[in-house]
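Taking the hints into account, I'd like the entire structure generated from these sequences.
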Amino acid sequence: MTAASVTTRASASRRWFRLPRPRIAGSSGVLPSLLGIPVVLWQAVFFAAPLIFLVVVTFWQVKSFRLEPAFVVDNWTRILFSATFQRALVHTFLVAGTTTVLAVAIAFPAAYTIAFRLGARARDLAVAFLVVPVFSSYMLRIYAWQIVLSPEGITNALLGGIGIGPLPLLGGAFSLQVGLLTLTLPIAVLILVFAMAGIDRTLIEAAENLGCRRARVIAHVIIPSLRPAIALTATTSFLLAFGDYISPLFMTGSKPPTLSILIVDTVKSGSQWPRASVIGVSMLVMLALVLSLGQYLSRGRTGRKEAAR
Amino acid sequence: MNRSLATRLSRLAQYGFLGLLFAFIATPMLVIVVFSFDANRFPTIPWGGFSLEWHRAILDDPMIRDAFLNSIKVGFGTAVLSTALGFAAAYIDFRYRFRLKLPFVLLVAVPPAVPATILGMAMLAFLSRIGLFGRLETVMACHVAIATSFSMAIIRLRLNDLSRDLEPAAWNLGASPAAALVHVVLPFCKPALIASFFLSAAVSFDEFLIAWFVGGVHETLPVRILNLLQGQVNPKINAIGAVVLVVSIALVLIAQRFTGVRAGRRPSPDPGE
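So the protein lines, in turn, are chains D and Z. Counting from 1, one number per residue, gives the positions in the first sequence under our numbering. Counting from 1001, one number per residue, gives the positions in the second sequence under our numbering.
What the hints contain is simulated information worked out from the structure, not anything from laboratory work. A few of these clues could be false.
[To be verified] Some chain D residues flagged as far from chain Z (calculated, every beta-carbon gap over 10 Å):
(1) 62
(2) 204
(3) 220
[Unchecked claim] The calculated lysine-lysine pairs, modelled on BS3-like cross-linking and capped at a C-alpha distance of 30 Å, are:
(4) D:255 with Z:1236
(5) Z:1101 with Z:1236
(6) Z:1101 with D:268
(7) D:268 with D:255
(8) Z:1073 with D:268
(9) D:268 with D:63
(10) Z:1190 with Z:1073
(11) Z:1073 with Z:1236
Here a beta-carbon is modelled for each residue, glycine too, at the ideal position from N, C-alpha and C.
In structure tokens form, the structure reads like this:
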């Protein structure tokens, strides 16, 4: 530590941002290494290595319930060409796509009201209220929806009181979307609220001064400047819904299975690790594609506009 | 007149919509808490009357007690470690420039974006091969890998407000970089460190898939709940749920109290915001 302090003290009078390299190179690198190496090691062992190993395992074999190193593509062909996987893939995409559309459609007007209609205090409260569910007890809230929606549950008890027969609320596309929106809506609204709060108000005032009605302001000022935030909201919602395990498990009883359900089932039945890994890696690849599509959509239009000018 | 009526109706619709959304988000949490005090075995309407029976029952259940203790241990360890690592990562991102900076930041930031099913399976496959499967410390280590992302984000946000000249000033006055870090940067980051501590604890306290995969016989509380949920209807679930809910909401609220992140803090001194 002292060696580092002596050398850097000499260069301290120079402004650090003019000279990024000497700070990191040479003996003054002791402090950043001391700070950085534990972080890198930790994330490497407990995050990167497992994911890399996941890719490796897809080429291994299971012989008499034991995982053995090998190099076979059999796992890939078996999974990718299996009807179960393909059905689950289409189902998961449709479900996550529906959630994405619903989440953005519901979150946008809500975020608009919070960002533009509420006073500062109420807005802070609304944000605080939305942050809580992002970090707490998702599984419990899904269980609560089970209580609310089940055949003998609260909703049907209330509906029965006014003479409407028990509705099959639980176990279908409706309950699945309720579950996935429970997961995605709070964060979707938050992203949009923060983005709207960052919009340049003078732009809106200018549009209003030029005689724009509110609808035109929204369509021509607010939505274009929110494009990246909307793309982020959509990709975040998709990512959460696509990988979720709890809602499909408890809201539809895993029927039809989503890819996450398929992974857990494949691991459980006969410890088919390589095949489960194939599903996992395929999901990651698809998520990466969806994320890059989101990136493209958030940038594409402005790039095109600038090119036109 | 007509215009103002339309505006008023539109406002009313907006507030009504927001109210519905908030009801949608609040309903499940309220249901858990309300029915944990229900005397009925099966949670439905009409309410079976007020009872603390199930709260008492969870106190007498040794598996739930153990799971709760495990969750506290894992949560505390995660909070300490991910705050330390998150601070280191945020400071490096704030202070230094180097070629592999983007991969470095991504390595810390990305883990929460990977679906927990896949990450849990990958961690189980890899960590069991290096002999770390089925330990409470492993659950904690994996939670740290995820929670550090949030810690880094909170602390990095705070560092944005630290004047770029403050540290060079300390160096000029003869402080070593390490001394400046300890006496200038750390105190400045204190609220963010506290927020990061509680938020990481909440992240760990809430996580169940990874804990389920790598924990083996060591169940944390959410894993216990998951196993209870997959069994028969158990009225204890609501009672544990209410406890978990209160703990995690408290953790998040404390964390929020110290972040100072607000939507549209418009009257801020710098016009760039």
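Quick rundown of the hints versus the structure:
Against the 10 Å criterion, residue 62 of chain D stays outside the reach of chain Z, whose nearest CB is about 12 Å from its own CB. Listed as outside the interface, residue 204 of chain D is consistent with that label: its C-beta sits roughly 13 Å from the nearest C-beta of chain Z, beyond the 10 Å cut-off. With a least beta-carbon separation of about 18 Å from chain Z, residue 220 of chain D lies farther than 10 Å from that chain, consistent with its non-interface assignment. For the proposed pair residue 255 of chain D and residue 1236 of chain Z, the alpha carbon gap of about 27 Å is at most 30 Å, so the pair holds.
Under the criterion of a C-alpha separation no larger than 30 Å, the hint pairing residue 1101 of chain Z with residue 1236 of chain Z is inconsistent with the structure, at around 48 Å. With a CA separation close to 39 Å, the supplied pair residue 1101 of chain Z and residue 268 of chain D exceeds the 30 Å bound. Distance check on the hinted pair: residue 268 of chain D and residue 255 of chain D sit about 17 Å apart at the alpha-carbon level, within 30 Å; holds. A distance of roughly 28 Å separates the Cα atoms of residue 1073 of chain Z and residue 268 of chain D; the hinted pair therefore holds under the 30 Å criterion.
As the CA atoms of residue 268 of chain D and residue 63 of chain D are separated by approximately 16 Å, the hinted pair is consistent with the 30 Å bound. As the CA atoms of residue 1190 of chain Z and residue 1073 of chain Z are separated by approximately 23 Å, the hinted pair is consistent with the 30 Å bound. Between residue 1073 of chain Z and residue 1236 of chain Z the CA atoms are separated by roughly 23 Å; this keeps the pair inside 30 Å, and the hint holds.
When the structure is compared with the earlier hints, violations turn up for hints 5 and 6 and for no others.
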